[in-house]
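One line per chain: the protein sequences are A and B, in this order.
Quick note: the first sequence, position 11, residue 11 per this note's numbering, numbers continuous.
Quick note: the second sequence, position 100, residue 1100 per this note's numbering, numbers continuous.
It should be emphasised that the hints constitute simulated quantities derived from the structure, not laboratory data.
Backbone N, C-alpha and C fix where the C-beta goes; we use that ideal spot for every residue, glycine too.
Some hints here could point you the wrong way.
[As the list claims (entries may be wrong)] The list that follows gives simulated cross-link-like pairs (lysine-lysine, DSS-like), each with its CA atoms no further than 27 Å apart: (1) 1082(B) / 60(A); (2) 1121(B) / 1169(B); (3) 60(A) / 1240(B); (4) 60(A) / 1269(B); (5) 60(A) / 1005(B); (6) 1205(B) / 60(A); (7) 1146(B) / 60(A); (8) 60(A) / 1006(B); (9) 1262(B) / 60(A); (10) 60(A) / 1003(B); (11) 60(A) / 1194(B); (12) 1037(B) / 60(A); (13) 1082(B) / 1240(B).
[As the list claims (entries may be wrong)] Quick partial rundown of chain A residues pointing at chain B, CB under 7 Å, derived from the structure: (14) 33; (15) 36; (16) 57.
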Amino acid sequence: MTDTKYLETHEWYKISDNTFTVGISDFAQGELGDIVFITLPEVGQEFKKGDSIVEVEATKTVAEAYAPMDCVITEVNSNLETEPELINNDPVGDGWMVKAEISIMDDSGMSYSEYESFIS
Amino acid sequence: MPKSKKTHLFDFHKQQNAKIINFAGWDMPFSYDGTLKEHHYVRENAGYFDVSHMGRLKLDYSQITEINELICSELNNIDNTKALYSIFINDNGGSIDDVIFWKFQDELILICNASNTEKIKVHLDSNNITYDDLTESSILIAIQGKNAIDLLSSEFEIPEKFSTMKKNKYTYARTGYTGEDGLEVMCSNEDAEKLMHFLKENDIKPCGLGARDTLRLEASLPLYGFELSDNISPVEAGLKWTITNQNEYKGKEIIETQIQTKKHKSLRKFKIDARQIARTDTLCASNGINGLVTSGNISPILGHPIGFIIFETNPVTDLVEFQIRGNLIEGKLLNKRFLN
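Excised from the complex, chain A in its bound form (with noise of 0.2 Å):
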C-alpha cells in the first residue's frame, strides 16, 4: 500500500499492488456543497487516463472525477447510490468511489503537501 496520491483535478488515488482506489478530496467536497446524486461506471468498463469515471452532481454545481492512470473498473461503491453524502462526509474513506485495475501504471499524482500548496 502507497500514500495517498492527488491530482490536480482534485481526484485521491491510492495504489496497492496492481489495482487503486479513487475518489475526490476534502477540498473538492467543499467546494460542490451537498453532494445529490452520483453516477458510477460499471465494473469491467475501461478507462483512459484522463477520462471522465464518475460524474458527480451536487446542490451548487456537477463535477466529473478522471481516471488517474489507465484502468479497468473492478468494484464501484454502491452505497454511494443511495448515501452521496458519504463523499461529504468522508471523502477519502467511506466516500470512496471506485477501485480499479491498473493497464499502464501512472503514480504521478502529487503527495499531500504538494497538494495542499496546490490548492491554497
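Model the placement of chain B on the given structure of chain A, informed by the hints.
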C-alpha cells in the same frame, strides 16, 4: 473590481463558520451546516436568513399614485397594513425588478433585489420619486419555517399573512421566500444584537443563500435574473396574478396585448426522474419548441431534479428533452406547484 459590501452581521456569520460567497456585490453566507441540512431546518422547524443585502428604500406615502404608475399591481387601493409583491415594468413590458412593498399609514418600504438596488434607485430618480435608502443602516432578517410563527410569537405580535407591523424596534411583515410561514424583520444596526440573541436562544438556525435558493425553487418562486428579467414580463413568467393594476402604468399596453394574444415566451416548471440536474442555461426542447433552463437543482423534499424553463412559446405537450453533457435527458413539464 469594486470592494464587496458586507452586511452589519458579517462578523457574526464568520463566528459561526459560515462559508462566504460573493452575491450581487455582497459577501454573504452561502451555508453554515450545509445546504440540505438548512433546507430541512426550514421545512421541518425554522431557520433564519440574513437578507440585509436586499435594497430597502423608504418612500414617501404622498407619492403612492406616482409609484403605482410604475408597477403592475394595485398598491393604492390596498389597506395601510398590507405587504404587496409586485413588479416594476419597463416600456417593453419586461420586468425591471420584482419587489415587496410594506404599506404603512405614513410611509412605504420598498424591498428590492440586491442586484437591482442601483437600477431601482435610478428608475425612481428618473420618475421624480424620492426615497431614503435604509439598506446600510439596517438589517433585514427572514425567519422562516413550519414552526417559525410559534417560535416568534414570544417576541413579536404576529400580523395576518401578507400584513405588516411596527412594534418596539422592529418593522416587519408576515412574508417570505421559502414557501413556509414566517416573518421578515427589519431593525436598525444598533438593535441587531437583540434580535440575533433572540434567534439563538430559540434555537432558530442560521441558513445561507444556498438553502434560500433550493427552498425558493422548491416553492415554485421566481428569482430575478433567472425567471424574471428586463426581457421577461410577468405574463411570460406565469405571474399574471400580480397584474391587478386597473389604472395606467408603464408597459401596460404590451402586458395587455400579451394576455390577449397569448403570443409570448412561457416560463414552465419541470421535473426529471433521472439523476441529472438540468442547470441554468441548459438547452431543451418540447416537441420542436426550444427552451432554456433558467434555474435547476434537486428538490430536497421530492428527491429528484426540478426547475424552470423559459420557452419561445408555450409548449403543447408535457414532454421535454434536455441536452446535458452530450446526452438527451427526458423530463416532464408540470402545471402544478412542485410541493402541494
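Tested hints:
no., hint, result
1, 1082(B) / 60(A), "35 Å, violated"
2, 1121(B) / 1169(B), "26 Å, holds"
3, 60(A) / 1240(B), "31 Å, violated"
4, 60(A) / 1269(B), "20 Å, holds"
5, 60(A) / 1005(B), "22 Å, holds"
6, 1205(B) / 60(A), "21 Å, holds"
7, 1146(B) / 60(A), "25 Å, holds"
8, 60(A) / 1006(B), "22 Å, holds"
9, 1262(B) / 60(A), "35 Å, violated"
10, 60(A) / 1003(B), "24 Å, holds"
11, 60(A) / 1194(B), "33 Å, violated"
12, 1037(B) / 60(A), "14 Å, holds"
13, 1082(B) / 1240(B), "20 Å, holds"
14, 33, "6 Å, holds"
15, 36, "4 Å, holds"
16, 57, "5 Å, holds"
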